[in-house]
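2 protein chains.
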Amino acid sequence: MIIDRLIEKINETGNPTVVGLDPRLSYIPSYITEKYFAKYGNGPKAAAKSMLKFNKKIIDNVCDIVPAVKPQIAMYERYGIEGLKAYKKTVEYAKLKGLIVIGDIKRSDIASTAEAYSDGHIGKVNINGEDFEGFGHDFITLNPYLGSDSITPFLTDCENYEKGLFVLAKTSNPHSGELQDLLCDGKPIYEHVGGLIEKWGENLMGKYGYSSVGAVVGATHKEQAARLREVMPHTFFLIPGYGAQGGKAEDLTVCFKDGIGAIVNSSRGIIAAHMKDDYKTCYTDERDFAKAARQACIDMKNDLRRCI
Amino acid sequence: MIIDRLIEKINETGNPTVVGLDPRLSYIPSYITEKYFAKYGNGPKAAAKSMLKFNKKIIDNVCDIVPAVKPQIAMYERYGIEGLKAYKKTVEYAKLKGLIVIGDIKRSDIASTAEAYSDGHIGKVNINGEDFEGFGHDFITLNPYLGSDSITPFLTDCENYEKGLFVLAKTSNPHSGELQDLLCDGKPIYEHVGGLIEKWGENLMGKYGYSSVGAVVGATHKEQAARLREVMPHTFFLIPGYGAQGGKAEDLTVCFKDGIGAIVNSSRGIIAAHMKDDYKTCYTDERDFAKAARQACIDMKNDLRRCI
Chain A
97 MIIDRLIEKI NETGNPTVVG LDPRLSYIPS YITEKYFAKY GNGPKAAAKS MLKFNKKIID
157 NVCDIVPAVK PQIAMYERYG IEGLKAYKKT VEYAKLKGLI VIGDIKRSDI ASTAEAYSDG
217 HIGKVNINGE DFEGFGHDFI TLNPYLGSDS ITPFLTDCEN YEKGLFVLAK TSNPHSGELQ
277 DLLCDGKPIY EHVGGLIEKW GENLMGKYGY SSVGAVVGAT HKEQAARLRE VMPHTFFLIP
337 GYGAQGGKAE DLTVCFKDGI GAIVNSSRGI IAAHMKDDYK TCYTDERDFA KAARQACIDM
397 KNDLRRCI
Chain B
97 MIIDRLIEKI NETGNPTVVG LDPRLSYIPS YITEKYFAKY GNGPKAAAKS MLKFNKKIID
157 NVCDIVPAVK PQIAMYERYG IEGLKAYKKT VEYAKLKGLI VIGDIKRSDI ASTAEAYSDG
217 HIGKVNINGE DFEGFGHDFI TLNPYLGSDS ITPFLTDCEN YEKGLFVLAK TSNPHSGELQ
277 DLLCDGKPIY EHVGGLIEKW GENLMGKYGY SSVGAVVGAT HKEQAARLRE VMPHTFFLIP
337 GYGAQGGKAE DLTVCFKDGI GAIVNSSRGI IAAHMKDDYK TCYTDERDFA KAARQACIDM
397 KNDLRRCI
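Protein sequences appear in the order of chains A and B. Just so you know, we're using the numbering used here here: the first sequence kicks off at 97 and counts up by one. Just so you know, we're using the numbering used here here: the second sequence kicks off at 97 and counts up by one.
One chain only, chain A, in its complex shape:
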């Protein structure tokens, strides 16, 4: 079970941190961007090549101290096909370096279409009897709005290829409550979703008490996370919203049981650490930018471990 591998890697590194690989051009040191813009001219190709180079340096510097990375595909789709090529190579490189890759793709569609997404992202596509892998993620994120039959095709591939999911339950953004907090039959929508997620994971239980079907639970809503921890005892949490979005380590204690149960994402806080005052003074050479990311992972580990 991929969830067991994730838990084991969290235990090995002692670090429930996932590095959000959501690069923006403004984060990338000029020694990288200048090279590619000189080589390819101004445009998506040079931007994408810069992002990939940036990601590789980050991955090299964090791969032994974190269990996983979570590239956000939107940051690459922004640059069209060139961006998506950089995305795919980022996934490949992270896996090569032993990291678990959570593709943050938040896809959703009816069953026949979900099958196609699943083929491309966690499964394989069969062409004339031969199987081909697409993006090859270990986990992907999904949106639950369409209900169970939109999730089932992914569950099949999770079983066949040892993959996992994180389904949105309660997101970290300010307006997440508009639909997710609406009360139906005495409980909010996100709890209804929580119940479904538990059910979707039933046939994918790992040996540590968690299934390979996890939930996205925002760090910005402490009471709601506590409630979800209760109603989803077998569901591992992927927690966005720590750091830049305002979520604090103290608020996350409720998401863990016996020191496990969740992995916490930070994007800007790690990959743009070199631009923050705390780290800028330590790493004055722009080529050392990824050392700041490494230190940010260690600092985040220490911050989280105080509270779990």
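Since the hints were made in silico from the structure, they are not lab data. Every value quoted in this text rests on a predicted model; they were computed, and no experiment measured them. Incorrect hints may appear among the rest.
Here are the computed lysine to any residue pairs in the SDA-like style, where the Cα-Cα straight-line distance is at most 25 Å [what the hints assert, rightly or not]: (1) B:Lys220 - B:Glu255; (2) A:Lys135 - B:Asn222; (3) B:Lys185 - A:Tyr304; (4) B:Lys185 - A:Asn224; (5) A:Lys105 - A:Phe352; (6) B:Lys149 - B:Ile394; (7) A:Lys185 - A:Tyr127; (8) B:Lys135 - A:Asn224; (9) B:Lys283 - A:Cys280; (10) A:Lys376 - B:Asn224; (11) B:Lys283 - B:Thr349; (12) A:Lys184 - B:Ile223.
Starting from the structure of chain A, add chain B where the hints point.
Leaving out everything else, chain B in the frame of chain A:
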């Protein structure tokens, strides 16, 4: 306003049909696939090239009798980067032929990420002061589960670039009710979403009484569609589920007002018409497959016009 252009094209063609460009290899005549598999070997590249060739033939044969096409990006993501290249070229070719393109991408994420999706799909990405277009859709579909702040970045691009959205309200799949039909404050979730969609469209009103923020409303739920027509008087409907999924023209009457108000999608029913008994006998040469698609568009037009 793009919604005005869509309505005018529906009126010009007299046809509220949108052709779902969701190709599968099994639909593609062997004279196409054999050529590409011989040239590129077995794999995603040959599959993607076959899909593009197939789409172009369909587009050539329907572009004067339908207003729009709706490629489903999942069918291309299934083949990874090669598939996405074929997707992009399909969008470009359809626009070149004067068709409105609805990218069925169903994306959703928090605001800062939604901005990146919007840049890539309907807006432009700014690189060193210069703007570049990504997929260049006219409309895209979105998932509302994250609430208003996840939609706002797209609304901005709709204003800036004259683009439109179709947001999922009530989907056509069997389990759509699991979350969408839950009752909150006396009305189902899909109605809450309907209210939000009306609001999101307020600043994007066109001259025919509809805004450029439409709703996806499944053809498989007649009563619910009727209710949504009432609570969303300014919202244009994109209706999936006609034909292969079981939706009938009679059930769609409720979605229209004065003959406009909705566009109805058919995918398999049109692009795989050459495989159906009704058409197989008319078009015995496999090179005529797209003539069957053309006839299916005419037949669908006649079927719909009986009822609106």
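Going down the list of hints, with the structure as the test:
no.	hint	result
1	B:Lys220 - B:Glu255	holds, 13 Å
2	A:Lys135 - B:Asn222	holds, 19 Å
3	B:Lys185 - A:Tyr304	violated, 47 Å
4	B:Lys185 - A:Asn224	holds, 24 Å
5	A:Lys105 - A:Phe352	holds, 16 Å
6	B:Lys149 - B:Ile394	holds, 22 Å
7	A:Lys185 - A:Tyr127	holds, 21 Å
8	B:Lys135 - A:Asn224	holds, 15 Å
9	B:Lys283 - A:Cys280	holds, 10 Å
10	A:Lys376 - B:Asn224	holds, 24 Å
11	B:Lys283 - B:Thr349	holds, 23 Å
12	A:Lys184 - B:Ile223	holds, 21 Å
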